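2 protein chains.
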Amino acid sequence: MGIFDFLIFNKKTTKRVFLDYASSTPIRPEVREVLRVSADESFANPSALYEEARDAKALLVDAHKSIARSLNTTANQIVFTSGGTEANNIALLGVFEKARERGNPRPHVVSVVTEHPAVREVLNEIERRGGEVTLLSPREDGLIAVDQVVDVLKATTVLVSVMFVNNEIGVVQPIKEIAQAIKRKNKEDGFHVLFHTDACQAPLWYGLDVSTLGVDLLSLDGIKIGGPRSVGCLYVKGGTQISPVMWGGGQEGGLRSGTEHVGACLGLAKALELAKKEKNESSEKVQLLRDNLWSQIQKHFPEASVNGSLKHRAPNNLSVCFPGVDAEHLTVALDTYGVCVSYSSSCRTLKEDSTSYVVEALKPECKGSSIRFTLGIHTTQKDIDVAVQALRKAVIQVTR
Amino acid sequence: MGIFDFLIFNKKTTKRVFLDYASSTPIRPEVREVLRVSADESFANPSALYEEARDAKALLVDAHKSIARSLNTTANQIVFTSGGTEANNIALLGVFEKARERGNPRPHVVSVVTEHPAVREVLNEIERRGGEVTLLSPREDGLIAVDQVVDVLKATTVLVSVMFVNNEIGVVQPIKEIAQAIKRKNKEDGFHVLFHTDACQAPLWYGLDVSTLGVDLLSLDGIKIGGPRSVGCLYVKGGTQISPVMWGGGQEGGLRSGTEHVGACLGLAKALELAKKEKNESSEKVQLLRDNLWSQIQKHFPEASVNGSLKHRAPNNLSVCFPGVDAEHLTVALDTYGVCVSYSSSCRTLKEDSTSYVVEALKPECKGSSIRFTLGIHTTQKDIDVAVQALRKAVIQVTR
Numbered sequence: 003m004g005i006f007d008f009l010i011f012n013k014k015t016t017k018r019v020f021l022d023y024a025s026s027t028p029i030r031p032e033v034r035e036v037l038r039v040s041a042d043e044s045f046a047n048p049s050a051l052y053e054e055a056r057d058a059k060a061l062l063v064d065a066h067k068s069i070a071r072s073l074n075t076t077a078n079q080i081v082f083t084s085g086g087t088e089a090n091n092i093a094l095l096g097v098f099e100k101a102r103e104r105g106n107p108r109p110h111v112v113s114v115v116t117e118h119p120a121v122r123e124v125l126n127e128i129e130r131r132g133g134e135v136t137l138l139s140p141r142e143d144g145l146i147a148v149d150q151v152v153d154v155l156k157a158t159t160v161l162v163s164v165m166f167v168n169n170e171i172g173v174v175q176p177i178k179e180i181a182q183a184i185k186r187k188n189k190e191d192g193f194h195v196l197f198h199t200d201a202c203q204a205p206l207w208y209g210l211d212v213s214t215l216g217v218d219l220l221s222l223d224g225i226k227i228g229g230p231r232s233v234g235c236l237y238v239k240g241g242t243q244i245s246p247v248m249w250g251g252g253q254e255g256g257l258r259s260g261t262e263h264v265g266a267c268l269g270l271a272k273a274l275e276l277a278k279k280e281k282n283e284s285s286e287k288v289q290l291l292r293d294n295l296w297s298q299i300q301k302h303f304p305e306a307s308v309n310g311s312l313k314h315r316a317p318n319n320l321s322v323c324f325p326g327v328d329a330e331h332l333t334v335a336l337d338t339y340g341v342c343v344s345y346s347s348s349c350r351t352l353k354e355d356s357t358s359y360v361v362e363a364l365k366p367e368c369k370g371s372s373i374r375f376t377l378g379i380h381t382t383q384k385d386i387d388v389a390v391q392a393l394r395k396a397v398i399q400v401t402r
Numbered sequence: 003m004g005i006f007d008f009l010i011f012n013k014k015t016t017k018r019v020f021l022d023y024a025s026s027t028p029i030r031p032e033v034r035e036v037l038r039v040s041a042d043e044s045f046a047n048p049s050a051l052y053e054e055a056r057d058a059k060a061l062l063v064d065a066h067k068s069i070a071r072s073l074n075t076t077a078n079q080i081v082f083t084s085g086g087t088e089a090n091n092i093a094l095l096g097v098f099e100k101a102r103e104r105g106n107p108r109p110h111v112v113s114v115v116t117e118h119p120a121v122r123e124v125l126n127e128i129e130r131r132g133g134e135v136t137l138l139s140p141r142e143d144g145l146i147a148v149d150q151v152v153d154v155l156k157a158t159t160v161l162v163s164v165m166f167v168n169n170e171i172g173v174v175q176p177i178k179e180i181a182q183a184i185k186r187k188n189k190e191d192g193f194h195v196l197f198h199t200d201a202c203q204a205p206l207w208y209g210l211d212v213s214t215l216g217v218d219l220l221s222l223d224g225i226k227i228g229g230p231r232s233v234g235c236l237y238v239k240g241g242t243q244i245s246p247v248m249w250g251g252g253q254e255g256g257l258r259s260g261t262e263h264v265g266a267c268l269g270l271a272k273a274l275e276l277a278k279k280e281k282n283e284s285s286e287k288v289q290l291l292r293d294n295l296w297s298q299i300q301k302h303f304p305e306a307s308v309n310g311s312l313k314h315r316a317p318n319n320l321s322v323c324f325p326g327v328d329a330e331h332l333t334v335a336l337d338t339y340g341v342c343v344s345y346s347s348s349c350r351t352l353k354e355d356s357t358s359y360v361v362e363a364l365k366p367e368c369k370g371s372s373i374r375f376t377l378g379i380h381t382t383q384k385d386i387d388v389a390v391q392a393l394r395k396a397v398i399q400v401t402r
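Quick note, the sequences are listed as chains A and B, same order. The numbering used here puts the first residue of the first sequence at 3, with every later residue one more than the last. The numbering used here puts the first residue of the second sequence at 3, with every later residue one more than the last.
It is worth saying that the hints were derived from the structure and are not from the lab. Honestly, I wouldn't trust all of these hints.
All copies of an identical chain are treated as equivalent in the list; a pair is satisfied when it fits inside any one copy or across any two copies.
In silico DSSO-like pairs for lysine-lysine, Cα to Cα no more than 30 Å straight-line [claimed, not checked]:
hint: 1; residue 1: 279; residue 2: 189
hint: 2; residue 1: 313; residue 2: 100
hint: 3; residue 1: 59; residue 2: 17
hint: 4; residue 1: 59; residue 2: 384
hint: 5; residue 1: 281; residue 2: 395
hint: 6; residue 1: 384; residue 2: 279
hint: 7; residue 1: 59; residue 2: 395
hint: 8; residue 1: 239; residue 2: 281
All figures in this text were calculated on a predicted structure; none of them were measured in a lab.
One chain only, chain A, in its complex shape (with noise of 0.2 Å):
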């Protein structure tokens, strides 16, 4: 069953596709049941006194708890935030304010060009706030070395950051290793350095222990994972110097202010729950759709390639380079016949060079013609059937 058989989508006289579940998730019905029940049973702020807000504040504490357990860390170790974006704000500028507040004229902060504009656009920032930016180049399979994060590492580097699972091209990269090289450093030259990893892109896949990682600070997004919209989460681990980016009622232990939305953070906590519970099956089911959509465009299309690393990959991702082939032209032609892609990061369609930053890191001749396929748990075999029939129809069109 494809994902718009999932939705019931009667308005539609033709079935759709979708292979865009990197930008977004249908909302899970066991989310949405928790979403309904919480807002039957409470509509109170949690911050209020009486016995209704005093349930709502159990039930955050709820969220609290299931999101850590998730995580195996403790309740007060997760902030609830709007989304992945805000949780890496959160993450990037509170570790850079609160380094600059204590003495740090010019704190110094290392990333890689491949990440998500909602850390590649809070980096710029970073910089026109007066701090140092280190940006490194992944090899051409889209992957960093341990040791390229290492050796740039000074007495003024506050924090690391680097993406999990890729959001275009699906390459997961060391976290563990690089987090056990910082710590190493850490301790030898008596440095202070934090680890931040932006994990939007890998619950559905991928366990996310953060004590086994060892990252301090971790961003989480209801809209990847079968949640709700506008819901995410920060992990931040107990004794890290961070500020908040918004200031106010001084909810979520000071980090995050404004009322938080109970109901949501219910519902971002099942499905994260219900990620780690399947993310072994899921992966295996996508995984081997995915290597035969692989398979049939290497048939069909033997001058494509991927982009980045097959292996060291999210087992729902295929980020396929057509050498000669207008990647928006070839996205609007597979809509035509019914089929949704990406060409790069959805988040990055509203910019005026929309090509993809992150392809062009590896491969620039494929900035401009590569298409992201990324698989879900509703993603079945007769959808990359039909993905496959449409791409030999809209490749032809679009090089006519």
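Model the placement of chain B on the given structure of chain A, informed by the hints.
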């Protein structure tokens, strides 16, 4: 029908009376229906390119248009946020930072002592960042005079922020008159002072035509008007010089990055539309009940006094000082009698000193002895009568 009948609180055996609508309002059935339908019809990321994403984008544009209609402005002047706190943060920090960027080394911001923490705490942050803040003190009736504002404006002033309806004491500031005076001063002295109002508590009772009001920035929040949680918006007059507080995909005209929750935006638009349509009838109804509550309180507690002007006050608000009574104890006692109230802003209860700085600004002796009753569209005469009975018992109990 009181609110807890409305919510069918089956699990409660006793009837409860909710008089804390300034803290939270139950989501309206019409809004819930909008959320349900939009969740069924669309899950796509509005920034993607395919049909479903364009549909989501069109719905998002509809939400902008609807809010714009309610405020008598155009769709591109509405920025969706994660709530009132974020809207206030963008308004204040955004104008402050943009002014610094444009060469004003120490931008001056003017506001009032009695503002919500989501303004007060942002002003503290502006001071920490090297800005200059002037906090005006209201008169004993809670109001500020137009001249108080005008007198402190100077060449470096970039922003005046004055709350429309105070969240604790309900007083209504002369927004239109302040706006006119600022414009006159700008013209006469060549100043460039912008005017922001936190109108989160206003839409259920007052019209918010931004051109009549003459404001440059106006904040709204879903939770205060029967809308969805975790969604708000900021009206930003075209041409306003303002920076974001978060960075990323550049959504909402670059002023608020992060994937939009289309359903929540539509829900907020619906709640605002209903508020506008019903405000006259709602105001008349709650004012009668509020006045009745005040009459009964005066009868039973002749020493009680209202905090702030009774005349220039939202029709649903009654902030009462009970001399010699500990407001926190009274709040807890009222809860045991089934009545929900607050003794200062809910957002303040997280602070160590949770007495009311708002009441303190008017009547220092009442800061720890004042209770906020806020009525809503579901409040009934029965609720008022039950509340008064509970008060009679609770006050005796806490003064024993």
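Against the structure, the hints:
{"no.": "1", "hint": "279 to 189", "in the structure": "neither (36 Å within a copy, 64 Å between copies)"}
{"no.": "2", "hint": "313 to 100", "in the structure": "neither (38 Å within a copy, 46 Å between copies)"}
{"no.": "3", "hint": "59 to 17", "in the structure": "between (44 Å within a copy, 21 Å between copies)"}
{"no.": "4", "hint": "59 to 384", "in the structure": "between (45 Å within a copy, 28 Å between copies)"}
{"no.": "5", "hint": "281 to 395", "in the structure": "neither (34 Å within a copy, 56 Å between copies)"}
{"no.": "6", "hint": "384 to 279", "in the structure": "within (26 Å within a copy, 49 Å between copies)"}
{"no.": "7", "hint": "59 to 395", "in the structure": "between (55 Å within a copy, 27 Å between copies)"}
{"no.": "8", "hint": "239 to 281", "in the structure": "within (24 Å within a copy, 47 Å between copies)"}
In this structure, the hints that do not hold are numbers 1, 2 and 5, in rising order.
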